[in-house]
Amino acid sequence: MNGIVKRFPGVVANDGVNFEARAGEVHALLGENGAGKSTLSNVLTGLYRPDEGTVSLNDEVVHFDSPRIALERGIGMVHQHFRLVNSFTVAENIILGEQSSSLFMDTASAVERISALATQYGIAVDPSARIWQLSVGEQQRVEILKALYHGAKVLILDEPTAVLTPQEADALFTVLRSMVAEGRTVIFISHKLDEVMAVADRVTVLRAGKTVSTIECATTSTRELARLMVGRDVVFDRVIRANHAKPDNIVLQVSNIDATDDRGRQALKSISLTIGESEIVAIAGVAGNGQRELAEVISGMRPATRGTIAVNNEVVPNSRVRKAMTAGISHVPEDRLHTGLVADHSIEDNLILKSYRGAPISKMSVLRRRIIRAQAKETIEKYDVKTPDTITPIRLLSGGNVQKVLLAREFDSLPSVMVVSSPTRGLDVGAIENVRKRLVDAADSGVGVLLISEDLEEIFALADRILVMYEGSIVGNIPAAEANRESIGLLMGGGSLSAENN
Amino acid sequence: MQSPLRLERRLTQPKWLNWGVPLLSLLGALILGGIVLFATGKNPISVYARIVERGFASTDAFSRTLISATPFAFTGLAASVAFRMGLINIGGEGQLYLGTIGAAFAGIAFQDQPTAVIIATMIIFGMLFGGAWAAIVGILKAKFSTNEIITSLMLNYVAAIFLDYLIFNSSSYWRDPKSYGFPTGKRLTKNAYWNDISIGSIEIPFGFVVAVVAAVIVWFLYNRTRFGYEVGVIASSPNAARYAGIRARWKIITVMALSGALAGLGGASDVGDFRHVLDAKGVQISGYGYTGIVVAALARLNPLSAIFVAVFLGGLSNAGYALQGPDFPSGLVGTLQGLILFTAVAGEILTRYRIKRQNTIADGVIV
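Protein sequence lines correspond, in order, to chains V and W.
Residue numbers are given in our numbering: position 407 of the first sequence equals residue 407, and the series is strictly consecutive.
To convert, take the position in the second sequence, counting from 1, and add 1000; that gives our numbering.
Keep in mind that the hints are not guaranteed to be accurate.
To be verified - Below, simulated PhoX-like cross-link-like pairs (lysine-lysine); rule was C-alpha separation at most 25 Å, straight line:
1) K1190/W with K1178/W
2) K323/V with K1178/W
3) K386/V with K437/V
4) K1281/W with K1190/W
5) K210/V with K269/V
6) K1281/W with K1178/W
7) K382/V with K437/V
8) K377/V with K1015/W
9) K386/V with K1015/W
Said to hold, decoys possible - In silico contact screen, one side only, chain W against chain V (beta carbon under 10 Å); selected entries:
10) D1112
11) T1225
12) G1228
13) G1232
14) S1236
15) P1238
16) A1241
17) R1242
18) A1244
19) G1245
20) I1246
21) W1250
22) T1254
23) G1282
Note that these hints are calculated values from the structure, not bench results.
Note that CB positions come from ideal geometry on N, CA and C, so glycine has one too.
Build out the structure end to end from the sequences listed, making use of the hints.
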C-alpha cells in the first residue's frame, strides 16, 4: 500500500500511509486509538476507497470495490465484532454467501473441507455446532476458518485478542504461526505491545494517520515500540496552576472497587485511588481497559460489586446517581451527545438536566420556564457558547460549543469531584485550549479532578499525578513530575517497569 | 445504483412542517381515496362533497360529528401519551373496554347518589380500570423487557373475552337478570346520564368537554412539568436519562397507566354519554382504540391537535353512517382512515428528512 490518504469530514484518518507485508510473515499494525489502523485495513479490504494512493497485490495495482471482491482476490478480514448468524451451524456460516449453481447447499462436502482445513491448521471447531453454543474464542476461530475456506492468502485480524482470555490468545498465536508457515500473510492489528512482540515478525507503527516506521521485531523492544507509538517528539507544555494540589485533603476516596462490564465480565479489579483538593489525577490507558466502567461506578451509573466510594469522607450509596450528584460528584462522560446531553433537546433543557428537580428551576413539580431561560442566557454568556438562542438543539452546535454547554452545567453544579472522560476528543485546537483552561480553573478553585484520557499529551499537560489502567487494574501511580512517556506507554501496553531493560 | 434523488436528514424542523405535513398527508390520502372511488365507478368529487355536507356543514351534522369524535379524542390522547415516550401502546381498545366496565359498575352501584357524584365516580372507575389494565403491560415491560406492542395487543383480545363473559356467559353484577333471550347489561338510571351542553344549536357531549380538559392537562403535564421533562429525556436518550438518574422503569409503568386511564376515560364517556349500559357487542364493533392510533399519528402526538384530528375523523365516520347505502359502500370510511394513516406515517419521514438531488451540499452547522 503506497501513499494511502483517506479523509473524512474534518479529519484525515490516513495521511500518506505506506505499508507492505510479505508472504509468510505476521505483520503487526501498531498504534493508539485513532491512529488510523482500522481505516487502513478498511481501505485494504475494499470497504473504503482511498482518496489518494494505491494498493498493490503481487506487484499489480488493484482496486477493490467491496470486501467481497477483496476476498475473491485472497484478502480476508476478521473483524472485532463477528459477522456470524447465531442460529446457523459453523458449516452453514462458513459457506454463507457462496455462489452456488444448485438450489440446495452441499453441506456435506463443505463439512469435509472445513474439517480438513481445521486439522491442517490445528483449529479445534465442530462444524455442526451452532454459533450460539460457542465461546467467543471459538467464534473467532470460525471467522478465521471462514476466511481460509474462501481462499484468503492475506488475513487481517482487527484487535483479535481484545475478546480473548490469555490462554485463548496463546492458542490463536499458534494458529497464526501455522498459517504463515504455509506461506500465507497475517496482518495483526493491535495496540498491545507484548502481544505484538510475541507474535509478529515485523511491525509497522502508525501515529496520527502517518507511518512512523516499519521494523523487525527481533531488533526492537517493547520500550522502543511504546516510544514510537505515543511519539515523544511532541512538545508538551504544562499548564501553569495557581493553586497547588493538596493531595492530603482527600475529596474522593475509591476503595477496592470491583465491577462488571455490560456483558457481565469483570471490568474493574480491586481499584483503589484517592484524589485531593485541587488535585488533577489522570488515568492513562488504552480504551477498553475499564476506564468507562470506573467513571460510571464513581458517578453511580454502574453498580460496584465490591468496595466503597467516599466523597469528603462520607460514603456514597452504591449505584445511586442522584445520591452521587448531591454528594458532589460531577461527571463529564465521553459520549457527550447521547449521555452527557440530550442531542435533540434545546440548550436550556440540557442545562437543567441535573437541577430540574428542585428550586429555583422547578416549583411544585412545575418547571419555571422564565427562570430557566434567564439562567441559560447567563450561562451562555459566561461560558461564551456560540449560539443564536437558548432554544437551539444541542446537535446543531459545533463540538467545542457542545462541550462548553456540558462543562458549564457540570461546573455550575459546584462539585467537589469531577470525573472527566476524554474531554477534548474530537475538538479543534482553540476549543481544546478552552476546555483545558476550564478544568484547571476548576482545580484551582478546589475541585478534585479525575481526568480519564487516552491522550498522553493532555495528561502530561494537566495532571499532578498519573495512574495507568490495564485490564481493569491500576498498574502504575506516578507523580507527573517523575513520569515520562516511555514508562507510561509501556505500562499502558501491559509491560512492567522492572522488565524494561530486556 | 445511483438514484438522482436521495433523502437527507434535516438539521432543523421548520415550524410549517407541523401543519404542512399533516395537510399534505391528508391531501395525498384524498387523492388515493379518489382513485379507489373512481375505480369502483363513483365520482370522487361528489362523494367528498357529500361527506363534507353530512359531516360538518350543518349544526345538526356537527353535533352528531362531536358524538363520533368524543371516543376518538380519548383514544387519540391515550396513544399520544404513550407514543411520546416511545411506548407503542396498541392496547387502547382493551383499555377502553375496561373503562366501560369500571364506569358501568360505578353507574349501577352509585345510582342513588346525586348526578355529580355518579359522574365523578364513573370517571374515576373508568380511569382506574383502564389504567390498571395498561399498567400490566407497563410492569411486564419494566420488569421483564417484554415487547409492549405484543402484550398490549394481546390484552385487547383478553379484554374482549372478559367483556363478553360479563354479559353473555355469567350472571355478573353488570348483566341485567331480567333480560331474556338476548342478554344485555343493566341499564343506568336517568340520573347517571351525562347530559349534553348546548351552545346555540350545537349539542356538545359532556364527554367531549372532558376530553378537551384532559388534552389541556396532558399538554401542560408534558410541556411544563418535571414529569414531562423526564419523559422527554427518556424518549430522546435513554443513556442521558441513566446519566441524570432518571428511573426509566417507573416512568414506563406510570406512562402506560396514564395512557390506559385516558382510554378508560373514553370508555366511561361511552357509557355515560351514549350507551348508558355495558354494551359488550356495541363497543367492540366500533374499534375506537385502533382509530386512536390514527388520531395520534396525524396529530403528531400533540394532545391539543389530537382534539381537532378527532373531530375531523369523527365527521368522516359520522358522514359514513349517514350516507351508507348502495352508492356509498360502508367500507369507504375505513378505507379512507387507513389511507390517512398510511400517508401520515409516510409524511412523518418528510419532517425528518428532505428530498434532495444528488451532489448538493448539506447545510452547515452553526459555529
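Right, here's what the structure says about each hint:
Restraint check for K1190/W and K1178/W: the C-alpha separation of about 18 Å stays at or below 25 Å, so the hint holds. Restraint check for K323/V and K1178/W: the C-alpha separation of about 62 Å exceeds 25 Å, so the hint is violated. A C-alpha spacing of about 18 Å is found between K386/V and K437/V, which places the hinted pair at or below 25 Å, so the restraint holds. Between K1281/W and K1190/W the CA atoms are separated by roughly 22 Å; this keeps the pair inside 25 Å, and the hint holds.
A C-alpha spacing of about 35 Å is found between K210/V and K269/V, which places the hinted pair above 25 Å, so the restraint is violated. Of the supplied pair hints, the one linking K1281/W and K1178/W holds, its CA atoms being roughly 18 Å apart against a limit of 25 Å. Pair hint K382/V plus K437/V holds up; C-alpha atoms about 14 Å apart against a cutoff of 25 Å. A threshold of 25 Å between alpha carbons decides the hint, and for K377/V with K1015/W the separation of about 23 Å falls inside it, so the pair holds.
As the CA atoms of K386/V and K1015/W are separated by approximately 23 Å, the hinted pair is consistent with the 25 Å bound. Because the smallest distance between the Cβ of D1112/W and any Cβ of chain V comes to about 38 Å, over 10 Å, the interface hint for this residue is violated. Hint status for T1225/W: holds, given a least beta-carbon distance of 5 Å to chain V, under 10 Å. The criterion of a C-beta within 10 Å of any C-beta in chain V is met by G1228/W, whose closest approach is roughly 8 Å, and the hint holds.
With its C-beta approaching chain V no nearer than about 7 Å, G1232/W sits inside the 10 Å limit, and its interface hint holds. About 5 Å separates the beta-carbon of S1236/W from the nearest beta-carbon of chain V, less than 10 Å, and the hint is met. Annotation: interface hint on P1238/W holds; nearest CB of chain V at approximately 9 Å, less than 10 Å. Interface restraint check: A1241/W against chain V, minimum CB-CB distance 9 Å, threshold 10 Å, status holds.
Look at R1242/W: its Cβ gets to within about 6 Å of chain V, closer than 10 Å, so that hint holds up. Interface hint status for A1244/W: upheld, as the beta-carbon distance to the closest one in chain V is roughly 5 Å, under 10 Å. The restraint placing G1245/W at the interface with chain V holds, with a minimum CB-CB distance near 3 Å, inside the 10 Å limit. With its C-beta approaching chain V no nearer than about 8 Å, I1246/W sits inside the 10 Å limit, and its interface hint holds.
Against a cut-off of 10 Å between C-beta atoms, the interface hint on W1250/W is violated, since the closest Cβ of chain V lies about 13 Å away. Restraint check, T1254/W versus chain V: the minimum CB separation of about 13 Å is more than 10 Å; hint violated. About 40 Å separates the beta-carbon of G1282/W from the nearest beta-carbon of chain V, more than 10 Å, and the hint is not met.
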